[in-house]
Amino acid sequence: MKHFGIIAEFDSPAAILSAAEKVRDAGYQRWDTFTPFPIHGMEKVMKLGNSLVGWVSLAMGAGAFLSVVGLIWYANAFDYPLIVGGKPMFSPPMTFVPAYIMMIMGGAVGALVGMLGLNQLPRLHHPLFANKNFALASRDKFFLAIGATDPKFSENETRKLLEEIGGVNIELVEDAD
Amino acid sequence: MADSATNLKSLAPPAELRRAPVVEGNKGLGWLTDKLSAFAEGKIPRWWLVLFLPAAFCAMVVLPVALIYQVTTGVGVWGNNHPAMWGLDIVSFIWWVGVAHAGTLISAMLFLTKQHWRTTIGRMAEAMTVFSVMMAGLYPAIHVGRAWFDWFMFPIPNSNGNWPQFRSPLMWDVFAVNTYLVVSMLFWFMGMIPDFAIVRDRSTTRIRKGIFSFLAMGWTGSARQWHNYEKAYVVLCGLCTLLVFTVSSIVGLDFCTSMLAGWHATIFPLYFVIGAVFCGFGMMLVILVPLRKWCGLENIITLPHIDKIAKLTLVSGLIIDYIYAMEFFIAWYSGDTYERWVFTHRLFGHTYWYMGWILIGINVCVTQLLWIKKIRANLAALFIIGVLINIGMWSERFVIVVGSLYQDFLPSSWGKYIPTIWDILLYIGTLGAFFMMYLLFVKFLPMIAISEVKSVMPEANPHHRLGGAKGEKR
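Chains A and B, in that order, give the protein sequences.
Residues 182 to 358 in the numbering used here are what the first sequence spells out, letter by letter.
Residues 220 to 693 in the numbering used here are what the second sequence spells out, letter by letter.
It should be emphasised that the hints constitute simulated quantities derived from the structure, not laboratory data.
Keep in mind that the hints are not guaranteed to be accurate.
What the hints assert, rightly or not - In the DSSO-like style, the derived pairs of lysine-lysine whose C-alpha atoms are separated by at most 30 Å in a straight line are: (1) A:Lys225 to B:Lys333; (2) B:Lys254 to A:Lys313; (3) B:Lys527 to A:Lys313.
Said to hold, decoys possible - Here are the in silico distance ranges between beta carbons for each label pair: (4) B:Phe433 to A:Gly298: 10 to 20 Å; (5) A:Pro274 to B:Pro630: 36 to 46 Å; (6) B:Phe548 to A:Gly298: 45 to 55 Å; (7) B:Pro232 to A:Glu355: 49 to 59 Å; (8) A:Gly267 to B:Val401: 34 to 44 Å; (9) A:Lys341 to B:Phe663: 43 to 53 Å; (10) B:Ile549 to A:Pro274: 20 to 30 Å; (11) A:Ala258 to B:Ile375: 50 to 60 Å.
Glycine included, C-beta positions come from ideal geometry on N, C-alpha and C.
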């Protein structure tokens, strides 16, 4: 049976934050915390850096803006030139409002798609869902899991570390795949 | 130095400056989770059915009948006729777009300004936005008369070479309303993903677990997921805030680019945005005041929160009052005979004068009651004021649309607009559909952003004593 990793339960945001610091200092790389809400400071402890979602959103928004400018040029000035009020067939300002609106649409879709993509969602199952206590991760408990693929992972040592830093209900999680 | 440092500690803010807690009587994160999901997990209460059945009747019977008769017969079934080619359909369209705006304002702008109390009402406000934009989008689609040609409005390549005319604000409206619908739905849905996971983890039946596992899409609440989620949320809030100012502005542009007295004014985009927000706050009061009691959420949507919404209503109401004053002033100051005629007839005309007075009576006078603290704490009064504001804003749109159209430049082409039963049934149908969807949302989806409310509790702060921090940090 393959193992996913070892999971430990903590009681409070402060406890999981200091536990995360210790796990990081112990030299682990493939680990994560699971909390009912984002914990402030966790992104610094885990060195997550800046999320790429903003860039995905910017790219999709800018792409949508430029595509609409192109579309309007194609539709009203190239494919079927249309004289409206004696104005030029195409001028950049006339494209602004639809392009701007579609930029918002593109940016919003980019934010959602980027978030889901970077989080590798949607997925139908996660090995941690097999853990009985893990349902509390959306309630009032805080979990820390160290992956079995971590170079430093060893069943006994890792378990000992999690015990030392105050974790309870420490369990080995199996990977059914 | 040491002395002054210790002295600083005792400088707690005076009572009147202390912020009211977001949740009253909070007993911890677990308690909060139970409390906030209790209504969706409980049995269907009687009041819900009493409201749901008539709403569903309007949505499932009245609305389809009104739609089918109108679409198969033509716009002639409405009272719209020369010169008032825009009638109740456009009035209701603007009204519904308006109702939507406060939802986005509450959930997006108050997030960007870090108002923690908005976590308790944000979800309900977003739902209001989504459902009312749906209702708004229905009107222009059938107002065109031949609904089966609606695809002409979209840039779809076709063998006839039909392209939209992108210089027209009416065309921009198509983009704006559709974008508003899509973006507000995305925002609403994304906010619910962590809460779907909560419902999934709490579910006791297989069906519920299945449905919410599917909706939660495998959300685990890992730090990496939250990290990306928070970023996406900020980005979406920023974009939604842009939409608050854009969508109604574009609706306003439909009017102010027309060379019609009463419409042709540069103030219109702002006018429509503020009017929209004001009307939406009224609807928010109508929805929140009863629901907080019936759903047992009095500790969550507290009186100070309602008080803040009432204050925001007052602020937007005062801006709208200023705009009314400016409109009348400019009409007089312009010296334009037709402008003066239209504005005088808004209040002293012979057909629709009472609409103008409803507008003044409610939007200008009744709103001033919100200055009084006792009224802001009186829920019954707030509910009535909310209903009145919706009526007042509806009549404002009627005054703008019909009031300017029915007597234009040539007396020979003057006419009247009398709504028919089909105008009214369509409006009743959309009201029913809105409330039906809202009631379904309240009963079956997480109506309060559970994880967001938890995240602003002191228990969620790793540097707070309640969050497990040691030491004396407050």
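Consistency of the hints with the structure:
Taking the CA atoms of A:Lys225 and B:Lys333, the gap is about 21 Å. The hint holds against a cut of 30 Å. With a C-alpha separation of about 22 Å, the suggested pairing of B:Lys254 with A:Lys313 holds against the 30 Å cut-off. Proposed proximity of B:Lys527 and A:Lys313 is contradicted: the alpha carbons are some 42 Å apart, above 30 Å. Between B:Phe433 and A:Gly298 the beta carbon distance is about 19 Å. The supplied range of 10 to 20 Å therefore holds.
Checked against the hint of 36 to 46 Å, the C-beta distance between A:Pro274 and B:Pro630 comes to roughly 38 Å, which is consistent with it. A beta carbon spacing of about 53 Å between B:Phe548 and A:Gly298 agrees with the range 45 to 55 Å that was offered as a hint. For B:Pro232 paired with A:Glu355, a C-beta distance near 52 Å keeps the hint of 49 to 59 Å intact. A C-beta distance of roughly 35 Å is found between A:Gly267 and B:Val401, which places it inside the suggested range of 34 to 44 Å.
A beta carbon spacing of about 46 Å between A:Lys341 and B:Phe663 agrees with the range 43 to 53 Å that was offered as a hint. For the hinted restraint 20 to 30 Å between B:Ile549 and A:Pro274, the CB-CB distance of approximately 26 Å keeps it satisfied. Range check, A:Ala258 to B:Ile375: Cβ separation about 18 Å, and the 50 to 60 Å hint is violated.
Taken one by one, the earlier hints fail for this structure at numbers 3 and 11, listed in ascending order.
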